[in-house]
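K.L.:
With chain Y's structure known, arrange chains G and R on it following the hints.
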Amino acid sequence: MRSMPSLAIDARPAGFGALRSALAAVRLGAGGAMAGWPVLLGRSGFYVLLMIVLTALWDKVTTERLPGTLVAALPAGGLALYIGVTEWIGLSVPAIHLRLEDDIRSGVVETHLLRPKAYLLQRFAESWGAMLVRMAATGAAALVMLVLSGRAWPTPPALAALVVLGPLGGTIGLLLFTIAGLSAFWVRRTVPAFLILQKMLFLLGGLFAPVTLYPAWLTRLAEATPFAAHMFWPASLTITPTAAQMAAALGAQLLWIGLLAGLATLIWRAGLAKVLRGEL
Amino acid sequence: MTRTSLLENYAHGAAAAVRASFADRTNFLLQSLSMVVNNGFMLVLWFMFFAGFRSVGGWRLADMALLIGIIMSIVGVAGIVFGGYRDMAATILSGEIDALLTQPRSVLARLLARDSYPSAWGDLGTAVVILIAFAGLSWRDLPWFAAGWVSGLIVYIAAAVSFASLAFWISGARSLARDMTEWVILVSTYPGSIYSGASKLIAYTLLPAGFVVLTPVRLLRHPSLETLAVVVAAAAVYAAIAAGAFDLGLRRYRQGATPVMGA
Amino acid sequence: MSAVITAQDLRKTYRYASRRGGVLGAIGGAFAPDYKLIEAVDGVSFEIAAGERVAIIGPNGAGKSTTLKMLSGVLEPTSGEASVFGFTPWAQRKALAYRIGVVFGQRSQLWGELPARDSFALLGHIYDQRGAAFDRRLQALIERFELGALMDQPVQRMSLGQRMRCEITASLLHAPSLLFLDEPTIGLDITAKAAIRDFITQNARAEGQTVVLTSHDTRDIELVCDRVIVINRGRIVVDQPTDQLRRRFLAHKLVTLHAPSRSVRIDLPGVTRRPSEPHLAVFEIDTRKVRVEQALAAALDGGGIEDITIEDPPMEEVVREIYAVARD
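Residue numbers (the numbering used here), protein chains in the order written: chain Y, 1 to 280; chain G, 1 to 263; chain R, 1 to 328.
Don't take every hint at face value.
[As the list claims (entries may be wrong)] With a straight-line cut-off of 25 angstroms between C-alpha atoms, the simulated SDA-like cross-links for lysine to any residue are:
id, chain 1, residue 1, chain 2, residue 2
1, Y, Lys117, Y, Asp102
2, R, Lys94, G, Leu29
3, Y, Lys199, G, Leu29
4, R, Lys94, G, Ala147
5, Y, Lys117, Y, Ala264
The set of hints was computed from the structure by calculation and includes no laboratory data.
Just chain Y, with the same shape it has in the complex (with noise of 0.2 angstroms):
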């Protein structure tokens, strides 16, 4: 018997070929949050607002020295900039949780499964797309507000670093809320996962403040979380703008993207097989 030619498509996406398709979709996700402009104004409206509010707190006790507190861990002039860095990180970030909850409950996922495009990795990227755009509105807030305030600024080779460690600490977070996220496939919402993430960002992450005002054994552990990997390396550069810090700090951020993307690609695995038995 002769077999019949084959008409399927490759559907895996190979090599370069994948790579393409995830630029095109950074593009994407960037236009797209371009042209929300008014949206990206009102996050740095609201950037603004709440460095006012942080930088007054923190300033306030700062200034006021009472003796036998931890004002004498603070750095000399204050967290504004560690909080100005931690903020403009995390208000980044795009909801991807949200958008993969969507698709997953919708049951659009499978209708992406017939596409020879990768699912997962064209989300992602369209929304790191849009997280630079972010960064990039966010940051300009920043600087001004930097200016007018009159503070000092970051070290040059701070400053220099954190346009790095910034973008990667960033990525650290959508892969983190890519993971919630994924959750949907077993809970249907996100919405506890986000809560129980936004907790660690704000007690491990150094969102609240620098881990190392903790008790030391909260401080190691804290460093060693992809929390800290999102928000508090790069942001503790403003107050230890050494060589060996940014060293560390590009090291866990490293290790923790790799270490994050496995297990968001284990992940995804279990789901789709959870899809592809008709469990969803």
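P.N.:
For chains G and R alone, coordinates are given in the frame of chain Y:
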């Protein structure tokens, strides 16, 4: 035919909204409990903060607990009884007030009573615990508390209504109004001592955290007739602004000048 | 018969700021907007007597809803006058509200999560209807419209048709003597539409109510209304009794036959063929001259027909025809 009073009518409307929010029990429990956990966590962070720094410009942990208790209970009661404030701009823009305009009642009251949020019960629950356990209040404070709290609630809702009224003019006001209301809450959750200059000006005007929580806290910590007068006047002024803005906007809406979807 | 509604030269002009693209355009637009004026209602006058059932029909965007909103007190006209039960609707909306019932087909006045009964009770309060009299009226409406089984169901779990029955009931709770219905059958399937039409007619007859409804579906008017006002681009093009309009303009049916293998012909008086895609044959049947089933029988005679649809001509066509007649 006897006329029902505005208050009685409002109570019926709000009660219906509350019953509707109970309709899905699991969702109600999930939302209200996760709000309790959420608030509890924020409280723990403040405990840690004051453990480390003791004071912020004279504000101690008990003052912070009082502040958080007041804003949380205000947001809680507002979400339960006046829940329509939260998405009011969206409601206006969707043209849903057409039907309310054909009813013999105040449109604003009907709008405020049309929604109730399960998570608000979580806010109210946490707030009560915080106020009783950590705020350092005694029974003698009750009259001052009542005055300050009611005034804060009025200012908060009035601010939200004023923001939502922007929807009568701007179609993009949906998220703007929500964001600005969220910002009032944000500014209301930090010690009042940190604000000075421009930030103080904003906190006592555009984002009136000053009158929602800070003057009520001052009234409780240093009771005086002067502060009481400020508190009462603030409630009256903000309520008047909100009523005026809404009324003006509604007039514009009825002239067909509001950019309503699907009209 | 005395007039319940009088409208005199009602006009409503909407002003839109036309948008310019991009950031700069939007900023420029905020300072010096370009306005476009749209005459939604362009000088409309009519009187409606007590007990009349009137349909205002016209294509989408003709000004039907705007007219209804001005008469029910929602919108203020740009100019012109109106009186409903002696009230100026937009100036005295609360006083008028007790006398009228309003249903907006695309908006709900019921709580989705709650049983219909709860929403009815709440509306009772809103209209100051209380006690035994209200209970009796609600019971009568429940029986008349057979809502018994629906009363304890959350509204969001009802079908669109069931929901619309509840919406109309809600608007009748305070026994209004005038009912405004804006597109009451929109989105409903044929069976549900028929039920709603019966429902409205039955109630109006039982209570001697005046009914004003808007629709873009020509069939709505036939069953419910004794008078039709056709409106197009903000102006009244025809205002006549329904029978007269039906005889003159609604006497056509469109029959589409799908016959892939042959060309269909119907040689009967009153049947004209319209241009159509290949494989389809579209006939316009003048029902004053020939019955639809006669025409169909003639078409089916040759066999080879795979599908048949019978439709009323779309509203736009009826309006065009009215214009054509008016011009002659």
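K.L.:
Does the structure keep Lys94(R) and Leu29(G) at a Cα separation of 25 angstroms or less?
P.N.:
Not OK: Lys94(R) and Leu29(G) at ~39 angstroms, beyond 25 angstroms, violated.
K.L.:
Has the given pair, Lys117(Y) with Ala264(Y), been kept, meaning a C-alpha gap of at most 25 angstroms?
P.N.:
holds, 17 angstroms
K.L.:
What's the verdict on Lys199(Y) and Leu29(G), does the C-alpha distance respect the 25 angstroms limit or exceed it?
P.N.:
Between Lys199(Y) and Leu29(G) the Cα gap is close to 20 angstroms, so the pair holds against 25 angstroms.
K.L.:
For the pair supplied as a hint, Lys117(Y) and Asp102(Y), confirm whether the alpha-carbon distance does not exceed 25 angstroms.
P.N.:
holds, 19 angstroms
K.L.:
If you draw a straight line from the CA of Lys94(R) to the CA of Ala147(G), is it 25 angstroms or shorter?
P.N.:
Since the Cα atoms of Lys94(R) and Ala147(G) sit roughly 34 angstroms apart, the hinted pair is violated (cutoff 25 angstroms).
The structure shown violates the earlier hints numbered 2, 4.
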